[in-house]
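Fit chain B to the known structure of chain A by using the hints.
This is what each chain is made of:
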Amino acid sequence: MAAPPPADERPLVMLAQALFPEFAAALAGRYRFALLADADAAAADEARALLVGGLPRVTAQHLGVLPALKLVACTSVGVDHVDLDACRSRGLSVTNAGAAFAADSADYAVGLLVAVLRRVAAADVYVRSGRWAADGDYPLTTKVSGKRVGIVGLGNIGSRVARRLAAFGCAVSYHSRSPKPSAPYPFVPALRDLAAGSDVLVLSCALTDETKHMVNRDVMEALGKGGVLVNVGRGGLVDEPELLRCLRQGVIGGAGLDVYENEPAVPPELLAMENVVLSDHRAVLTPESIGGVLEVVIANLDAFFSGRPLVSPMEL
Amino acid sequence: NRKGVALLAVVATLKLATMAAAGGKPAVLLLRPVDAPFAAALRDRFRVLDLYAPGQALPALAFVAAAAAVPEPPRATVIWGGVRVDASFLDAAPSLRCVVSTAAGLDHIDLAECARRGVAVANSGEVYSTDVADYAVGLLLDVLRRVSASERYVRRGSWAAQGDYPLGSKLGGKRVGIIGLGNIGSRIAKRLEAFGCIIHYNSRKPKDSVSYKYFPNVHELAAESDVLVVACALNKATRHIVNKDVLEALGKDGVVVNIGRGANIDEAELVIALREGKIAGAGLDVFEHEPKVPAELFSMENVVLSRHVAVLTEESRSDLRAHTIGNLEAFFSGQPLLTPVHADSLAQ
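So the sequences go chain by chain: A and B. Going by full-length UniProt numbering, the first residue of the first sequence is number 1, and it counts up by one from there. Going by full-length UniProt numbering, the first residue of the second sequence is number 1, and it counts up by one from there.
Derived by calculation from the structure, the hints in this document are not laboratory data. Among the hints, erroneous ones may be present.
[Stated by the list, open to error] Computed, partial: chain A to chain B, Cβ under 7 Å: (1) Val127; (2) Arg164; (3) Val266; (4) Leu271; (5) Thr286.
[To be verified] SDA-like mimics (lysine to any residue), calculated; alpha carbons at most 25 Å apart, straight line: (6) B:Lys190 <-> A:Ala166; (7) B:Lys190 <-> A:Phe305; (8) A:Lys143 <-> B:Thr339; (9) A:Lys143 <-> B:Gly196; (10) B:Lys207 <-> B:Lys252.
[Unchecked claim] Okay, the calculated bits of chain B under chain A, using three or more residues with CB under 8 Å as the criterion: (11) 76–88; (12) 130–144; (13) 148–158; (14) 308–316.
Using N, Cα and C, we set each Cβ at its ideal position, and we do this for glycine too.
Chain A on its own, in the form it takes in the complex (with noise of 0.2 Å):
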């Protein structure tokens, strides 16, 4: 990376939130900053980028206050919480964290399904209280290895969960918009069609229109009632009442769920279930992807400010 310009050229980049403290250190001897909600008019009009920290909403009228704009980058691997259709219809560049967050989403999603499966979480519920000198039985739990897994978007994250789960000598097929010929899995063009083939379901695709909901009680319902459905990607890729429904009525086993519709607020009644495991939007985070996310945010402001193709910019 080129060395950081001397303090009074700094580029000027709109924040869409305040930063957290380690990105605001490692990025304040490189860029000058204001955030949207406070700039004055100069700062509005200069700004060229809109650094998105976090996953606050950008709609088309905070876009709209930023004539100059011409990039948003963002934080995080999923953008729907960009108005892409604002951003596709200026003309701006967007970009994410590229494969900064993949291996830790991937680990974790692995992390889930094995917590479920195996029970891992609740044994150890179990065990801190106190009961193994008392009780007696435990009930069986089911082999991981060996599962038929069928992962739903095989891009960073979804490769990756796939390639960790073949040295389970899990069975892998996978779902996406369009096949990749590079890829040694077999491609399901319908979900339903994997969820019917699979015995667990990995969702780590983005969340768009296409893909809201597409999770319903026909796909959960193909999956069955040994099934168990993971998600790292978007709580918004499932139908949660539907899911809820699902569960309840063993229409599925179980579920590990990173995710939901409405964070922070998690369904009530999924914390009383003993067959899913549920975790705090985690699956992307670790001290040292942070460090990741860092050099990629970098590497997009930097190539955007000398007039270098971007690193990780989407396709609209």
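Then chain B, alone, in the frame of chain A:
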């Protein structure tokens, strides 16, 4: 009183003799509880003298002695980890020529004594290996990425109230030191490689067939690893193989996972190391004095605990059934056992 016990013993012997007289099937001494499919599969092929039969009230050694006294006494027995096969056990049933253990480990069997008496021993082979390896990876992911801890956090309703739970640590790039690269350890290695881990190992001898870095002792392994996974048998050489020195060498960012035997780790020192932050966390499926677990662990957020369940899946249960019957049938038909264990193959 003594008369009462003697009467019980006679009644038991008569009952067993009646059981034993039925059909020409060989007698098998069953010293562990089995589920219905397993029981049925055994009864189809053998005369089963079942310690756990409904109404059977004799304690184990007395039952063994009573079984040894029937006509055509059992020459084979099916046991689990709770049955100690030592000189007094073998004295009680001199007819036994074959011990088939369904346990994953062999620390409950005096292999040298069995060898001295010409008693063949069969173990569970690779029946459990995959499930234990899967569970070890699950435990490690849980400890590093705080799966169970954030689960508790979400279930308490704390996410909405207090914001995100603290992050864990990346698995990829970690150096994982596996103690014991046998059936289980090698499967753990293969899985963790796919996550981008670097595999180190210690075992009695280096293995030419793998390219992982070998360490001649566990202290050096720990010094160059971020994670220690205990996947070895329990015997004299490996008791407390993870001790205070090893934990110090592992260091304050280090994590221990134990799917071997509780006694592979000096449990008291492990608790101290966790309490004092000398290591970062632990995933434990086994403990020195099961079912007792040091209560101090219950309040620690950086440990993941389970009650010796790494083997317990439906699939391994049915594999175990087929495997046990396979060994019994091999023995009774004079064929080599499927998975014989030899005293000299282990450092006892």
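Taking the hints in turn, this is what the structure says about them:
1. Val127: holds, 4 Å
2. Arg164: Since chain B brings a Cβ to about 5 Å from arginine 164 of chain A, closer than 7 Å, the hint holds.
3. Val266: holds, 6 Å
4. Leu271: holds, 5 Å
5. Thr286: Where the cut-off is 7 Å and the nearest Cβ of chain B is about 4 Å from threonine 286 of chain A, the hint holds.
6. B:Lys190 <-> A:Ala166: holds, 10 Å
7. B:Lys190 <-> A:Phe305: violated, 44 Å
8. A:Lys143 <-> B:Thr339: Since the Cα atoms of lysine 143 of chain A and threonine 339 of chain B sit roughly 22 Å apart, the hinted pair holds (cutoff 25 Å).
9. A:Lys143 <-> B:Gly196: Judged against 25 Å, a Cα distance of about 23 Å means the pair holds.
10. B:Lys207 <-> B:Lys252: violated, 30 Å
11. 76–88: Since three or more residues must qualify, the claim that chain A covers the segment 76–88 of chain B is violated, with 0 doing so at under 8 Å.
12. 130–144: Since three or more residues must qualify, the claim that chain A covers the segment 130–144 of chain B holds, with 10 doing so at under 8 Å.
13. 148–158: holds (count 8)
14. 308–316: Three-residue rule met by the segment 308–316 of chain B, so holds; n is 6.
Hints 7, 10, 11 from the list above are not met by this structure, while the remaining hints are.
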